[in-house]
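Student: The listed protein sequences derive, respectively, from chains A and B.
Quick note, the first sequence lines up with residues 11 to 278 if you use the numbering used here.
Quick note, the second sequence lines up with residues 2 to 269 if you use the numbering used here.
Hints listed in this document are in silico derivations from the structure and should not be mistaken for laboratory results.
Accuracy of the hints is not assured; some may be wrong.
Unchecked claim - With a straight-line cut-off of 25 Å between C-alpha atoms, the simulated DMTMM-like cross-links for lysine to aspartate or glutamate are:
| no. | chain 1 | residue 1 | chain 2 | residue 2 |
| --- | --- | --- | --- | --- |
| 1 | A | 170 | B | 210 |
| 2 | B | 58 | B | 48 |
| 3 | A | 170 | B | 48 |
| 4 | B | 58 | B | 241 |
| 5 | A | 170 | A | 248 |
| 6 | B | 187 | B | 176 |
What the hints assert, rightly or not - From chain B, some residues computed to sit far from chain A (all C-beta separations above 12 Å):
| no. | residue |
| --- | --- |
| 7 | 42 |
| 8 | 44 |
| 9 | 62 |
| 10 | 65 |
| 11 | 88 |
| 12 | 98 |
| 13 | 135 |
| 14 | 166 |
| 15 | 188 |
| 16 | 268 |
What the hints assert, rightly or not - Here are some chain A residues pointing at chain B (derived, C-beta under 8 Å):
| no. | residue |
| --- | --- |
| 17 | 51 |
| 18 | 53 |
| 19 | 125 |
Even for Gly, the Cβ is constructed at its ideal location relative to N, Cα and C.
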Amino acid sequence: MSNATEPSLSIAFARRRELRMQVVCVSLGVIVLAGWSSWGTGFDIPQLIAGLPNIYDLARRMLPPDLSVIRELIRPLVETLQMAVVGTVLAAGLALPLGILAANNTSPHPLLAVTVRMCLNTLRTIPELVFALLLVSAVGLGTFPGVLALTLHATGGLGKFFTEAIESVNPTVSEAIEATGATRYQVIWFGVLPSALPLMMSSSLFYWEYNSRASTILGLVGAGGIGFTFTSAMQAFEYPKATSCLVLIVLILAMIDRISAWLRARVI
Amino acid sequence: MAPAVSRNALYGEVLRRRWRPRRIGIGFAVLVVYWWAARGTEVSLPELIRGLPNIGKVIGQMFPPDLSVLRGIAGPMLETLQIGILATLIASLLAIPFGYFAASNMAPHRLVYLGTRAVLNVFRGVSEIIWGLFFVVAVGLGAFPGVLALVIFSTGVIGKLLAEAVEAVDRGPIEAVRSTGASNWKVFLYGVWPQVMPVYLGYCLYYWDHNTRQATILGFVGAGGIGYTLFTAISNYEFEKATTAILVVVVLITIVDRLSWWFRRRFM
Numbered sequence: 011m012s013n014a015t016e017p018s019l020s021i022a023f024a025r026r027r028e029l030r031m032q033v034v035c036v037s038l039g040v041i042v043l044a045g046w047s048s049w050g051t052g053f054d055i056p057q058l059i060a061g062l063p064n065i066y067d068l069a070r071r072m073l074p075p076d077l078s079v080i081r082e083l084i085r086p087l088v089e090t091l092q093m094a095v096v097g098t099v100l101a102a103g104l105a106l107p108l109g110i111l112a113a114n115n116t117s118p119h120p121l122l123a124v125t126v127r128m129c130l131n132t133l134r135t136i137p138e139l140v141f142a143l144l145l146v147s148a149v150g151l152g153t154f155p156g157v158l159a160l161t162l163h164a165t166g167g168l169g170k171f172f173t174e175a176i177e178s179v180n181p182t183v184s185e186a187i188e189a190t191g192a193t194r195y196q197v198i199w200f201g202v203l204p205s206a207l208p209l210m211m212s213s214s215l216f217y218w219e220y221n222s223r224a225s226t227i228l229g230l231v232g233a234g235g236i237g238f239t240f241t242s243a244m245q246a247f248e249y250p251k252a253t254s255c256l257v258l259i260v261l262i263l264a265m266i267d268r269i270s271a272w273l274r275a276r277v278i
Numbered sequence: 002m003a004p005a006v007s008r009n010a011l012y013g014e015v016l017r018r019r020w021r022p023r024r025i026g027i028g029f030a031v032l033v034v035y036w037w038a039a040r041g042t043e044v045s046l047p048e049l050i051r052g053l054p055n056i057g058k059v060i061g062q063m064f065p066p067d068l069s070v071l072r073g074i075a076g077p078m079l080e081t082l083q084i085g086i087l088a089t090l091i092a093s094l095l096a097i098p099f100g101y102f103a104a105s106n107m108a109p110h111r112l113v114y115l116g117t118r119a120v121l122n123v124f125r126g127v128s129e130i131i132w133g134l135f136f137v138v139a140v141g142l143g144a145f146p147g148v149l150a151l152v153i154f155s156t157g158v159i160g161k162l163l164a165e166a167v168e169a170v171d172r173g174p175i176e177a178v179r180s181t182g183a184s185n186w187k188v189f190l191y192g193v194w195p196q197v198m199p200v201y202l203g204y205c206l207y208y209w210d211h212n213t214r215q216a217t218i219l220g221f222v223g224a225g226g227i228g229y230t231l232f233t234a235i236s237n238y239e240f241e242k243a244t245t246a247i248l249v250v251v252v253l254i255t256i257v258d259r260l261s262w263w264f265r266r267r268f269m
């Protein structure tokens, strides 16, 4: 009996020691990273405490929100929502052919798939605010550069999601359709896309939500929407008006969050 | 013997099934919303064609990238990385108490639960870059306000996600620990934490990726990182410098994205 338990006990102890070593190593690594980062970023709690009166001062000037301007904020708010819709629909339209070209099971050539995927990844890594700033300096202030910026970033993101959705389609589906003598185009149209559709719709809804959030801040660089009203109000020291913008942004984003979750639960 | 079905008849049947009233309704609704949004944002093909020469001009000025500024960019790039790491570490720690009190099965009182939820909602309600704007007012320009902005937002998100994970845990281990007479926080430590930890680590790693992306644009409002370099370069129409900064952003985000994905696969 004791012969049977002792080796397993010693194995258990060895495993425990090993686990403890791992925890110690990871903790040490995290502490070193934290130290290096707080040194590099000038992290300074006393500075935050010293700054608290400034925050208090700003909060006092911002509160209460000026509700009389709500009426004139409706237009930029609606504009923000519209930017998100157009940006998402255009991105989905662009991402569909790109996704088909990038997916291993539908791409006409592996080299093309790799190239398209690289382009999508690059689009995805550049934040929409950077696109917006570049486009504003190219075509001027307004919603147009904002929509283009949202479209570019979301095309990268949706393209990746669509590629994954297409690649996750069960190969027997397309094999069955191929067996009827269908062309490549027919296989994609009748076999692959219908199976990938629910996932693609769900990720499009996700990006609609994402773009709604992003479109509220594009105004910071002059690319339209309620963010622009907010920034102008802050720069003109009309703080209560800025607060009204923030309140509206928070409310509308919470609403979109709900709607998107409800719709996504229905398509999947 | 069954009559052979011609291929065209088969496809016709598929198409007929595809165009069900419900689907047509959804397609129509999407079209109407898109039309409304496109009209509101004045995005149109003529507008795009009119803008193309200017966009082309900017792209022309962006190339070739001015690699001589690479040396000067190394500092801001490291700072961006550090902002992301530090903010994620602090937010991960802060999210644990918030997640505890925002979980309905753990909070000592319903009011505590509602209060914590409300705080988390406010944290998540406003985008990082707007928090950045406020913290710049409070503590001045630099990376520190950037860290604070990311901490606030990601505490809001990780806290909420953790609370949801805690609410969804298996009741068995909780009952078992509670039956030994353990206090509430011991129940959490031994009955709940082991169940939610992998999910929690996954969220933290995901938000590390997210925070690094955000850290690249916080500089637009003066909150540190490479965004400031990027912002001044584009504002001064030094597009070839901006391209270098954008390339650095692409490389940085790609590396962090890969690392975060790799860690998530190992820990979960």
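Student: Could you run down the list of hints and mark each one as holding or not?
Tutor: Against the structure, the hints come out as follows:
1. A:170 x B:210: holds, 17 Å
2. B:58 x B:48: Holds, because 16 Å separates the two Cα atoms, which is no more than 25 Å.
3. A:170 x B:48: Not satisfied, since the Cα-Cα distance of roughly 28 Å exceeds 25 Å.
4. B:58 x B:241: Answer holds: residue 58 (chain B) to residue 241 (chain B) is near 12 Å, not above 25 Å.
5. A:170 x A:248: violated, 42 Å
6. B:187 x B:176: holds, 12 Å
7. 42: Violated, since 4 Å does not exceed 12 Å.
8. 44: violated, 5 Å
9. 62: The assertion about residue 62 (chain B) is violated, with a minimum of 10 Å to chain A.
10. 65: holds, 17 Å
11. 88: Violated, because the least Cβ-Cβ distance between residue 88 (chain B) and chain A comes to about 9 Å, which does not exceed 12 Å.
12. 98: holds, 18 Å
13. 135: violated, 7 Å
14. 166: Nearest chain A Cβ is 17 Å from residue 166 (chain B), so the label holds.
15. 188: Answer for residue 188 (chain B): holds, closest chain A Cβ roughly 22 Å.
16. 268: Residue 268 (chain B) is in fact no farther than 12 Å from some Cβ atom of chain A, at 10 Å.
17. 51: holds, 4 Å
18. 53: Given a least distance of 6 Å, the restraint on residue 53 (chain A) holds.
19. 125: violated, 16 Å
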